[in-house]
Amino acid sequence: MIYVKKIFIILAFFLGLAVMLMGLSFVFMPKNNMSEFGMEEVSANGILGEKENTIDVLVLGDSESYSSISPMEIWKDTGYTTYVCGTSAQPLNYTVTMLYRAFEKQTPKIVILETNTIYREVTKSSALKTKIANYFSIFQYHDRWKSLGWHDFIGKTNFTWTDDYKGYRYNSSIAPSTKKDHMRGTAVIAKIPELNIRYVEEIKSFCDENGAKLLLLSAPSTANWNYSRHNGIQNLADEIGCEYIDLNLMNDKLKIDWNTDTHDKGDHLNHSGAVKVTRYISEFLSETELLTDHRTDAEYAKWNNSLKNYESVVGKS
Amino acid sequence: MKRLIEILEELQPEVDYATCTDLIDGHYLDSLSIISLVAELEEEYDITIPTVEIIPENFNSAESLWAMIVRLQEDN
Amino acid sequence: MLTFSSYFSIEYLIIFLPVSIGAYAVLPQRFRRLSLLASSYLFFWAVSGKLIAYLIFSTLSVHYIGIWLSGIQDSCDRLLESSPKEQRKEIKAQYTAKQRLVVAFALLIHIGTLLILKYTPFFASNINSLFGLLKIPVTLKIPFFLMPVGISFYTLQAVSYVFDVYRRKIRADFNLLRLALFMSFFPQIMEGPICRYSDTAEQLWSAPKIRQQNLTFGTQRILFGLIKKIVIADRLNLLIKNVFAGYENYDGFVIALVAVLYTIQLYMDFSGTMDLALGTGQIFGMRLPENFQRPFFSKTISEFWKRWHITLGAWFKDYIFYPLSMSRPLKKLTSRARKRLGNHFGPLLAGAIALFCVWLCNGLWHGAGWNYIFFGMFHFALILSGNIVEPFAVSITDKLHINRSGFPYRCMQMIRTSVLVCIGELFFRAPGLKAGLAMFRKIFMDFSLASLVDGTIFELGMDKYDFIIIFISLIGIFFVSVLQERNISLREKISRKNIVIRLGVYYALILFLVIFGAYGRGYVPVDPIYAGF
Numbered sequence: 001m002i003y004v005k006k007i008f009i010i011l012a013f014f015l016g017l018a019v020m021l022m023g024l025s026f027v028f029m030p031k032n033n034m035s036e037f038g039m040e041e042v043s044a045n046g047i048l049g050e051k052e053n054t055i056d057v058l059v060l061g062d063s064e065s066y067s068s069i070s071p072m073e074i075w076k077d078t079g080y081t082t083y084v085c086g087t088s089a090q091p092l093n094y095t096v097t098m099l100y101r102a103f104e105k106q107t108p109k110i111v112i113l114e115t116n117t118i119y120r121e122v123t124k125s126s127a128l129k130t131k132i133a134n135y136f137s138i139f140q141y142h143d144r145w146k147s148l149g150w151h152d153f154i155g156k157t158n159f160t161w162t163d164d165y166k167g168y169r170y171n172s173s174i175a176p177s178t179k180k181d182h183m184r185g186t187a188v189i190a191k192i193p194e195l196n197i198r199y200v201e202e203i204k205s206f207c208d209e210n211g212a213k214l215l216l217l218s219a220p221s222t223a224n225w226n227y228s229r230h231n232g233i234q235n236l237a238d239e240i241g242c243e244y245i246d247l248n249l250m251n252d253k254l255k256i257d258w259n260t261d262t263h264d265k266g267d268h269l270n271h272s273g274a275v276k277v278t279r280y281i282s283e284f285l286s287e288t289e290l291l292t293d294h295r296t297d298a299e300y301a302k303w304n305n306s307l308k309n310y311e312s313v314v315g316k317s
Numbered sequence: 001m002k003r004l005i006e007i008l009e010e011l012q013p014e015v016d017y018a019t020c021t022d023l024i025d026g027h028y029l030d031s032l033s034i035i036s037l038v039a040e041l042e043e044e045y046d047i048t049i050p051t052v053e054i055i056p057e058n059f060n061s062a063e064s065l066w067a068m069i070v071r072l073q074e075d076n
Numbered sequence: 001m002l003t004f005s006s007y008f009s010i011e012y013l014i015i016f017l018p019v020s021i022g023a024y025a026v027l028p029q030r031f032r033r034l035s036l037l038a039s040s041y042l043f044f045w046a047v048s049g050k051l052i053a054y055l056i057f058s059t060l061s062v063h064y065i066g067i068w069l070s071g072i073q074d075s076c077d078r079l080l081e082s083s084p085k086e087q088r089k090e091i092k093a094q095y096t097a098k099q100r101l102v103v104a105f106a107l108l109i110h111i112g113t114l115l116i117l118k119y120t121p122f123f124a125s126n127i128n129s130l131f132g133l134l135k136i137p138v139t140l141k142i143p144f145f146l147m148p149v150g151i152s153f154y155t156l157q158a159v160s161y162v163f164d165v166y167r168r169k170i171r172a173d174f175n176l177l178r179l180a181l182f183m184s185f186f187p188q189i190m191e192g193p194i195c196r197y198s199d200t201a202e203q204l205w206s207a208p209k210i211r212q213q214n215l216t217f218g219t220q221r222i223l224f225g226l227i228k229k230i231v232i233a234d235r236l237n238l239l240i241k242n243v244f245a246g247y248e249n250y251d252g253f254v255i256a257l258v259a260v261l262y263t264i265q266l267y268m269d270f271s272g273t274m275d276l277a278l279g280t281g282q283i284f285g286m287r288l289p290e291n292f293q294r295p296f297f298s299k300t301i302s303e304f305w306k307r308w309h310i311t312l313g314a315w316f317k318d319y320i321f322y323p324l325s326m327s328r329p330l331k332k333l334t335s336r337a338r339k340r341l342g343n344h345f346g347p348l349l350a351g352a353i354a355l356f357c358v359w360l361c362n363g364l365w366h367g368a369g370w371n372y373i374f375f376g377m378f379h380f381a382l383i384l385s386g387n388i389v390e391p392f393a394v395s396i397t398d399k400l401h402i403n404r405s406g407f408p409y410r411c412m413q414m415i416r417t418s419v420l421v422c423i424g425e426l427f428f429r430a431p432g433l434k435a436g437l438a439m440f441r442k443i444f445m446d447f448s449l450a451s452l453v454d455g456t457i458f459e460l461g462m463d464k465y466d467f468i469i470i471f472i473s474l475i476g477i478f479f480v481s482v483l484q485e486r487n488i489s490l491r492e493k494i495s496r497k498n499i500v501i502r503l504g505v506y507y508a509l510i511l512f513l514v515i516f517g518a519y520g521r522g523y524v525p526v527d528p529i530y531a532g533f
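Chains as they are written, first to last, in the numbering used here: chain A, 1 to 317; chain B, 1 to 76; chain C, 1 to 533.
It is worth saying that the hints were derived from the structure and are not from the lab. As the structure is a computational prediction, the values presented were derived from the model and not from experiment. Yeah, the Cβ is synthetic: ideal placement off N, Cα and C, and Gly gets one too. Just so you know, not all the hints are guaranteed correct.
Said to hold, decoys possible - What follows is a set of in silico ranges between Cβ atoms, one per label pair, in the way DEER data are often shown: (1) A:Tyr135 x C:Ala23: 52 to 60 Å; (2) C:Lys141 x A:Ser147: 46 to 54 Å; (3) A:Met22 x C:Gly504: 13 to 21 Å; (4) B:Glu9 x C:Leu215: 20 to 28 Å; (5) C:Gly504 x A:Ser88: 53 to 61 Å; (6) A:Asp267 x C:Ala508: 29 to 37 Å; (7) A:Leu128 x C:Ala25: 17 to 25 Å; (8) C:Asn249 x A:Trp145: 24 to 32 Å; (9) C:Ala23 x A:Ala175: 50 to 58 Å; (10) A:Asp267 x C:Phe356: 17 to 25 Å; (11) A:Tyr135 x C:Gly476: 27 to 35 Å; (12) C:Leu79 x B:Glu57: 55 to 63 Å; (13) A:Met22 x C:Ile488: 43 to 51 Å.
As the list claims (entries may be wrong) - Dumping the calculated DSS-like pairs for lysine-lysine here, alpha-carbon to alpha-carbon at most 30 Å: (14) C:Lys135 x C:Lys434; (15) C:Lys493 x C:Lys464; (16) C:Lys241 x A:Lys6; (17) A:Lys129 x C:Lys89; (18) B:Lys2 x C:Lys442; (19) A:Lys129 x A:Lys76; (20) C:Lys493 x C:Lys209; (21) A:Lys124 x A:Lys179; (22) C:Lys434 x C:Lys98; (23) A:Lys302 x A:Lys51; (24) C:Lys241 x A:Lys146; (25) C:Lys497 x A:Lys5; (26) C:Lys98 x C:Lys306; (27) C:Lys332 x A:Lys6; (28) A:Lys253 x A:Lys76; (29) C:Lys306 x A:Lys129; (30) B:Lys2 x C:Lys493; (31) B:Lys2 x C:Lys331; (32) A:Lys156 x C:Lys317; (33) A:Lys6 x C:Lys317; (34) A:Lys129 x C:Lys339; (35) C:Lys339 x C:Lys169; (36) A:Lys5 x C:Lys50; (37) A:Lys156 x A:Lys124; (38) C:Lys241 x A:Lys31; (39) A:Lys265 x A:Lys302; (40) A:Lys5 x C:Lys493.
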């Protein structure tokens with residue numbers, strides 16, 4: 001009897017702790033998606049401010065993703081809505097967090113995962129931490145105690161802000177790449193960490209369940225990409241049964257000029273490189289015939305405003 | 001025993017040796033006083049105090065010190 | 001496989017520790033001890049991987065040496081019994097010499113390994129600069145060794161075991177597993193406390209049942225330690241690391257402040273880790289030796305070292321200070337000097353020689369670097385001068401009718417001691433001795449309160465809120481320390497309250513830690529400082 005009582009007390013204790021952590025998670029959760037409200041990675045989390053069920057294409061990945069794909073170019077050419085939830089040095093555990101977060105209000109039909117992140121090793125420790133933080137966001141936002149206000153205790157969460165660039169980060173400077181022939185053929189297969197394979201599998205099955213098509217995409221980069229990595233991703237794509245496009249092998253079509261299309265010696269593309277990649281993506285998207293053109297839809301009027309703002313900076317091309 | 005208390009009082013007069021039982025643990029005797037005390041005791045009682053004996057249990061009170069001295073004298 | 005870097009890793013706290021406690025709780029006694037040993041080796045493996053070979057080697061060799069020594073002692077005893085009285089002294093001397101050889105061999109192995117791993121880079125680089133100075137065109141390659149975690153701690157345990165067997169304080173342990181557990185017990189392997197075989201080996205091996213009071217007291221202590229480390233020490237690090245890395249850019253006030261804050265960080269970091277070690281030990285029903293006893297209430301530097309890193313000080317005292325000062329030549333010196341200089345100054349000379357060795361070793365133990373040696377010498381000088389000045393201080397205060405045991409005087413002593421300690425820690429933390437001297441000079445030559453007046457002090461790594469939360473936490477810890485100093489056990493008081501309040505204490509500690517801990521985005525995890533020594 002005494003044991004039953006003890007076990008009951010322990011269970012009650014942990015239940016109480018979980019309830020408190022959940023309560024605190026509510027209080028500490030940013031009530032809007034701007035950095036003044038304590039939101040992290042603002043440009044990627046701008047997707048939270050998009051109108052419900054208006055995003056067609058979701059892009060995930062590290063800095064390669066937001067340097068290579070410009071959603072406004074896709075909108076201009078095809079009328080499809082794309083959002084890049086890429087963040088710098090994004091590890092796959094955060095990719096998964098962003099994926100779930102995006103699908104809470106959106107139902108994208110296509111999910112593009114930039115493959116460089118698949119080679120970023122996720123430590124077990126950070127995987128565990130992300131998992132905990134996904135249940136109790138207090139662990140992620142606890143530092144907001146410094147800026148907590150009354151509103152945080154009673155106010156409703158209302159994400160109002162969105163990025164005119166839809167996650168793309170504009171950079172037009174030039175620093176040429178000296179590396180020639182970064183895609184020299186090899187049979188070597190770069191090994192993908194075990195945990196990362198499981199993350200990609202998780203992403204794939206989540207997409208399947210939610211009726212989205214997953215595409216693995218390798219953006220052009222002489223510093224980060226090579227043929228052994230290509231082989232590794234190709235194997236993975238075959239195993240989980242999803243499409244894989246390596247833009248590094250398609251330069252006949254893309255015509256990336258490494259003298260002018262990179263801003264950091266081949267690590268990332270600059271704006272002119274991104275335009276070339278994005279043009280290709282637009283074509284790819286329209287060939288899938290899964291999406292509809294929203295350019296004249298009044299529901300999407302804001303996208304045309306964003307395009308104006310975007311073009312006022314990058315210029316009309 | 002009386003002589004021992006005299007020796008101790010000469011060394012550190014601020015303590016009541018009849019009652020104090022934490023000479024070491026209460027930081028009344030520091031290591032230099034202990035060197036001095038050991039030298040004095042060895043001469044006074046004609047004993048050798050080996051390093052193993054220099055532990056708080058033996059040095060914490062006048063009483064325990066006396067017990068150690070008696071024991072070492074017997075060993076000789 | 002599980003890997004983690006310290007007691008503060010999330011994997012350790014929410015997986016390893018609960019699982020090893022759980023396994024211990026459900027197993028019968030004879031398996032409990034083995035589960036402790038298994039947990040300890042798993043822990044070592046998770047932190048240090050293949051370097052576990054060093055620990056295994058140390059354990060095996062110490063086991064063998066113990067048996068060897070006890071063999072010599074036994075045959076000596078047998079011979080003594082059977083031989084006439086006049087020969088006994090000679091036999092004793094003969095066998096003591098034999099034992100000494102074995103002990104020397106043990107020291108060679110254990111201290112030798114430590115010296116090679118820890119100090120060769122330091123010696124090599126110093127020899128190189130000496131060669132450079134003498135214009136000898138030879139450059140030694142500076143080697144670099146990976147060190148197994150806790151080697152500075154378990155080596156001292158191994159050496160104390162050998163000495164204690166030699167001195168017949170303990171019997172050699174023939175049970176390899178018991179000795180292995182003594183050497184590797186996971187809550188203390190990384191940062192101590194440095195245990196003695198006679199204190200902990202038997203306790204660990206007896207593997208008592210987990211009792212509810214131990215479980216609750218231990219858990220509370222662990223939470224308290226986590227707050228010290230994660231809320232205070234790691235948050236302080238934000239400012240401290242910036243200022244030490246670029247000390248040229250800061251004025252004397254900032255440097256003085258950081259010297260104080262670093263001393264606090266070191267205390268919170270180390271004593272917090274000790275709370276984890278002793279708290280975990282307590283959950284298993286073990287009493288490990290305390291390593292801290294409210295050191296900032298010390299009235300003198302010498303007292304400070306009896307309250308700060310207690311087990312290291314005790315180790316140096318038992319195995320270096322007393323053996324040296326009680327060695328025949330120094331004993332002679334003492335008794336001769338006493339006759340001439342009296343009881344106070346007499347033993348000072350021999351004591352000073354032994355103290356010098358202790359503080360040189362203490363400095364070097366913390367790391368191979370001139371700043372650590374300076375740190376040791378600084379404390380050596382303070383303790384020695386404290387002893388020299390003492391009689392004069394007594395007579396002056398007597399003449400001025402100052403009550404030496406009154407609160408104001410004691411308070412002054414405590415503050416003075418703490419200030420001296422902070423100065424020492426400034427050199428301890430400084431990136432090299434030159435930097436330490438430059439920083440110290442700045443405190444006096446470049447003092448300005450400008451950063452406080454215009455508020456830029458809050459832009460150097462810690463903002464206003466960081467200072468406030470640290471201040472509040474420190475007040476809480478001060479309150480607990482005062483209670484401890486008066487021998488009032490807060491945990492016992494709590495245990496007599498009703499269940500709502502008891503659970504409330506846990507909730508309060510956990511939530512405080514979760515909200516105000518310096519972890520996650522924007523923070524770089526800080527490895528426990530003493531694990532690096």
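Status of each hint after checking the structure:
| no. | hint | in the structure |
| --- | --- | --- |
| 1 | A:Tyr135 x C:Ala23: 52 to 60 Å | violated, 26 Å |
| 2 | C:Lys141 x A:Ser147: 46 to 54 Å | holds, 53 Å |
| 3 | A:Met22 x C:Gly504: 13 to 21 Å | holds, 18 Å |
| 4 | B:Glu9 x C:Leu215: 20 to 28 Å | violated, 48 Å |
| 5 | C:Gly504 x A:Ser88: 53 to 61 Å | violated, 42 Å |
| 6 | A:Asp267 x C:Ala508: 29 to 37 Å | violated, 48 Å |
| 7 | A:Leu128 x C:Ala25: 17 to 25 Å | holds, 24 Å |
| 8 | C:Asn249 x A:Trp145: 24 to 32 Å | holds, 30 Å |
| 9 | C:Ala23 x A:Ala175: 50 to 58 Å | holds, 57 Å |
| 10 | A:Asp267 x C:Phe356: 17 to 25 Å | violated, 57 Å |
| 11 | A:Tyr135 x C:Gly476: 27 to 35 Å | holds, 29 Å |
| 12 | C:Leu79 x B:Glu57: 55 to 63 Å | violated, 31 Å |
| 13 | A:Met22 x C:Ile488: 43 to 51 Å | violated, 36 Å |
| 14 | C:Lys135 x C:Lys434 | holds, 23 Å |
| 15 | C:Lys493 x C:Lys464 | violated, 34 Å |
| 16 | C:Lys241 x A:Lys6 | violated, 46 Å |
| 17 | A:Lys129 x C:Lys89 | violated, 67 Å |
| 18 | B:Lys2 x C:Lys442 | violated, 56 Å |
| 19 | A:Lys129 x A:Lys76 | violated, 40 Å |
| 20 | C:Lys493 x C:Lys209 | holds, 24 Å |
| 21 | A:Lys124 x A:Lys179 | violated, 34 Å |
| 22 | C:Lys434 x C:Lys98 | violated, 47 Å |
| 23 | A:Lys302 x A:Lys51 | holds, 10 Å |
| 24 | C:Lys241 x A:Lys146 | holds, 22 Å |
| 25 | C:Lys497 x A:Lys5 | holds, 18 Å |
| 26 | C:Lys98 x C:Lys306 | violated, 35 Å |
| 27 | C:Lys332 x A:Lys6 | violated, 65 Å |
| 28 | A:Lys253 x A:Lys76 | holds, 21 Å |
| 29 | C:Lys306 x A:Lys129 | violated, 40 Å |
| 30 | B:Lys2 x C:Lys493 | violated, 43 Å |
| 31 | B:Lys2 x C:Lys331 | holds, 25 Å |
| 32 | A:Lys156 x C:Lys317 | violated, 64 Å |
| 33 | A:Lys6 x C:Lys317 | violated, 47 Å |
| 34 | A:Lys129 x C:Lys339 | violated, 68 Å |
| 35 | C:Lys339 x C:Lys169 | violated, 33 Å |
| 36 | A:Lys5 x C:Lys50 | violated, 45 Å |
| 37 | A:Lys156 x A:Lys124 | violated, 34 Å |
| 38 | C:Lys241 x A:Lys31 | violated, 33 Å |
| 39 | A:Lys265 x A:Lys302 | violated, 36 Å |
| 40 | A:Lys5 x C:Lys493 | holds, 23 Å |
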